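Colleague: Top line first, the protein sequences correspond to chains G and S. Everything in the first sequence is counted per my numbering, starting at 917 for the first residue and increasing by one. Everything in the second sequence is counted per my numbering, starting at 917 for the first residue and increasing by one.
Calculated from the structure, these hints are not laboratory results. There could be a bad hint or two in this list.
As the list claims (entries may be wrong) - For the chain S half of the interface with chain G, some residues (derived, Cβ under 10 Å), not all of them:
no. : residue
1   : 989
2   : 1076
3   : 1185
4   : 1231
5   : 1238
6   : 1254
7   : 1259
8   : 1262
9   : 1268
None of the values given here were measured: they were computed from a predicted structure. Note that CB positions come from ideal geometry on N, CA and C, so glycine has one too.
2 protein chains.
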Amino acid sequence: MSGEDAPAQQQNAVDQKQETKPAEEPKAEPPKTESAPAAAAEADATPAAATEKVPEEETFTYRALVLTGHGGYDKVKLQVKKGKPTLKAGEVLVRVKACGLNFADLMARQGLYDRMPSPPVTLGMECSGLVEAVGDKVMVLNRFGLWQEVAVVPASHTFLIPEGMSFEEAAALPVNYITAYMMLFDFGNLRPNQSVLVHAAAGGVGIAATQLCKTVKDVTVFGTASASKHETISQGGVEHPIDYRTKDYVEEVRKISPKGMDIILDPLGGSDTHKAYNLLKPMGKLITYGTANMLAGQKKNLLAVAKNWYHQFSIHTLSLIQGNKSVCGFHLGYLDGEMELISQAMNTILDLYKEGKVKPHIDSTWHMEQVGDAMRKMQERNNIGKVILTTEPMPEEEKKEEPKKEDKKDDKKKDDKKKDDKKKDDGKKEEKKDDKKKEEPKKEEPKKEEEKKEEAKKEEK
Amino acid sequence: MSGEDAPAQQQNAVDQKQETKPAEEPKAEPPKTESAPAAAAEADATPAAATEKVPEEETFTYRALVLTGHGGYDKVKLQVKKGKPTLKAGEVLVRVKACGLNFADLMARQGLYDRMPSPPVTLGMECSGLVEAVGDKVMVLNRFGLWQEVAVVPASHTFLIPEGMSFEEAAALPVNYITAYMMLFDFGNLRPNQSVLVHAAAGGVGIAATQLCKTVKDVTVFGTASASKHETISQGGVEHPIDYRTKDYVEEVRKISPKGMDIILDPLGGSDTHKAYNLLKPMGKLITYGTANMLAGQKKNLLAVAKNWYHQFSIHTLSLIQGNKSVCGFHLGYLDGEMELISQAMNTILDLYKEGKVKPHIDSTWHMEQVGDAMRKMQERNNIGKVILTTEPMPEEEKKEEPKKEDKKDDKKKDDKKKDDKKKDDGKKEEKKDDKKKEEPKKEEPKKEEEKKEEAKKEEK
Chain G
917 MSGEDAPAQQ
927 QNAVDQKQET
937 KPAEEPKAEP
947 PKTESAPAAA
957 AEADATPAAA
967 TEKVPEEETF
977 TYRALVLTGH
987 GGYDKVKLQV
997 KKGKPTLKAG
1007 EVLVRVKACG
1017 LNFADLMARQ
1027 GLYDRMPSPP
1037 VTLGMECSGL
1047 VEAVGDKVMV
1057 LNRFGLWQEV
1067 AVVPASHTFL
1077 IPEGMSFEEA
1087 AALPVNYITA
1097 YMMLFDFGNL
1107 RPNQSVLVHA
1117 AAGGVGIAAT
1127 QLCKTVKDVT
1137 VFGTASASKH
1147 ETISQGGVEH
1157 PIDYRTKDYV
1167 EEVRKISPKG
1177 MDIILDPLGG
1187 SDTHKAYNLL
1197 KPMGKLITYG
1207 TANMLAGQKK
1217 NLLAVAKNWY
1227 HQFSIHTLSL
1237 IQGNKSVCGF
1247 HLGYLDGEME
1257 LISQAMNTIL
1267 DLYKEGKVKP
1277 HIDSTWHMEQ
1287 VGDAMRKMQE
1297 RNNIGKVILT
1307 TEPMPEEEKK
1317 EEPKKEDKKD
1327 DKKKDDKKKD
1337 DKKKDDGKKE
1347 EKKDDKKKEE
1357 PKKEEPKKEE
1367 EKKEEAKKEE
1377 K
Chain S
917 MSGEDAPAQQ
927 QNAVDQKQET
937 KPAEEPKAEP
947 PKTESAPAAA
957 AEADATPAAA
967 TEKVPEEETF
977 TYRALVLTGH
987 GGYDKVKLQV
997 KKGKPTLKAG
1007 EVLVRVKACG
1017 LNFADLMARQ
1027 GLYDRMPSPP
1037 VTLGMECSGL
1047 VEAVGDKVMV
1057 LNRFGLWQEV
1067 AVVPASHTFL
1077 IPEGMSFEEA
1087 AALPVNYITA
1097 YMMLFDFGNL
1107 RPNQSVLVHA
1117 AAGGVGIAAT
1127 QLCKTVKDVT
1137 VFGTASASKH
1147 ETISQGGVEH
1157 PIDYRTKDYV
1167 EEVRKISPKG
1177 MDIILDPLGG
1187 SDTHKAYNLL
1197 KPMGKLITYG
1207 TANMLAGQKK
1217 NLLAVAKNWY
1227 HQFSIHTLSL
1237 IQGNKSVCGF
1247 HLGYLDGEME
1257 LISQAMNTIL
1267 DLYKEGKVKP
1277 HIDSTWHMEQ
1287 VGDAMRKMQE
1297 RNNIGKVILT
1307 TEPMPEEEKK
1317 EEPKKEDKKD
1327 DKKKDDKKKD
1337 DKKKDDGKKE
1347 EKKDDKKKEE
1357 PKKEEPKKEE
1367 EKKEEAKKEE
1377 K
């Protein structure tokens, strides 16, 4: 695949939060890449149009977000690719409208996710768009390669978007909802009257999990999130929001439910997995699905990785037997051979959507040029719900560091939150300092760095 | 509790298998301890009868199987206890008719089960009998203390025996069926079209698990057992019986199901748990519920214990995440605070019994005097289904080493099996030799022994 850097995508090392309230703006006209003749040219049903293909294959260009190396936000570059991709049997070409950001993308950027080929590689595990040949509106799930205007994927990886669902919602749904669904209903075997602890309850998976919990009778949800997000998650169904930044969440849970939890969803890893294990009731299930604790700072933070590795949870069967406990691991990225299981889950989720029981919560939508800021927002846990990229071209007058649009009603809250975060984010500051140190001169202690990389590699396995 | 040894219960160190076919014999008259006035005396509804209590409390005696110390079969003694036990609020007195043997009893005898008080203590986790006060036929589940003619238990630990179920069946049901049920339907979340590997498929839990699997549409059961038991387990519903003594069961499973299993029930521990983990499909569940591999020989076999400890399965969360796997531990003995969960499971199981979908398979029934041989039969894996003790008095003319009764139809098979076992039991012989060595002079290397005991203790925790 050929590609060259698009007009400079400015990346600031200094933290630039969104200081101004972005104006709600109308959707731009359809992106220029969306041309009717192109769609027709590829439709299986119109082979006569194939003669038009030759010239198009030469002039065809599309933008893609390419990971050019492991590291900070600036390693993801907006590039222009040339030449229309050709299709193999069973594949479809999708004109991408919107893409979802996931933790795995952030991990991949830092070189902490082994399901991604080596850079250069186009990021992105989920998107929504139009199947060029037939015009179907679909959402797509893939191991990588979806953050671009045109994506070629196996037809089996696409799912029809139900009526009334926007492209943004459709890009927000697959990874978070399938993850939450399979954890709660396959491993977790969630049943009425049970209690569930959802970490990062304001995140994409957290909000999906809360909504799915509410589809079962009398399930009580405990959710951790910083205080500024409590109103939103309470409205979403979390009965017991807990501010993990100012309180010991283990104590808080025990106060309300002395026996502990039936199910705990743990995206954190490290010492939080130990705490979760100890918080399980008999017959309780701990489902760990990430190592977010490893993500501290823009680039691979070797201290955070080492700490996570050191504290990594390891369990003996005798402890499981004597505790009557279950420990499960889940990651959709490692489940890509299991499209049947995934489709089953997806169909159930779409039914729940149609019944109005689940609905993705969009935090913010960003232009492709703003991918660095979008990633930063997610990585610094400033989002409530899903962070989305749109392939719509970015108007000249728009400032680069602003999201394309955010829910207006959230603006006030966000300002409060920022203040709040400043006050309470003591623990994080320490990590950030550490992070900055790492970003500066790279050459101090080069040997030690290499040793640590070895460790990190082991951990990935 | 006072107690003295009953007339010598002969224990042979040498392996005495049942060489003759025991005649099917009619039930003896009700045990002498079952007296109507006694029952009336304790009924809450007849306080007037209380005056009769005083003389009875002095003369009342009953037999109990007491673990007098950790070690071989001879450590379980038939003793006579004096004095009628008094009841606290919420307790009932049960006239015990039949008792079930479980692996935990064998482990306890060897000092490998930490849910049992120190000897002397009456063994037994399950029994059936009559509630003296009201005459209800019940089955009972308790942490220990049920292998005796009279047992005082919390009323909440008793379950009414449904019509048509014999006392023997009722004594065979609770531990095995609740264990199998909770593993398959709570941790395992068994669903149609799934595959289940049942180790020790001819054992009590194995037969219960197979029957329960068959209550779900199109579930395929793979079962390990020695060849002589294959006919029985096939009839019981095992589609793929595997002789683990002559074949590599991992290879056999992969031949039939290359992707592996959805659920694996593992009572073995040690290296078999590793094999099970590797045999799981994505989203597969490994449920480990014992360490039968530790039980080699009559007494605590330090080599087997150390081996099991050395090979004990320990799992990191990253491996679980990348494999999308679940590892669960189950042991009913550690779940005794959860009577609500247990009752729910029991009620469902009793409904299935009434519908004719499950039915305990009794291997053999033994008199209390024969407890050593009964334990031996189970420990040496010569049983098919449940080994039961009866409290009926043992007729003089009966040979001690014979079971009270066994299914006649099985006799032919058993003879075959014995031959079979002799041929194929090479691996076991080695362990037995080792065992005999340990039984002889205890004083060689007393220090090393103590060190090893330390290790064994750690393992129990």
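Colleague: So which hints don't hold here, by number, going up?
Modeller: 1, 2, 7, 8 and 9
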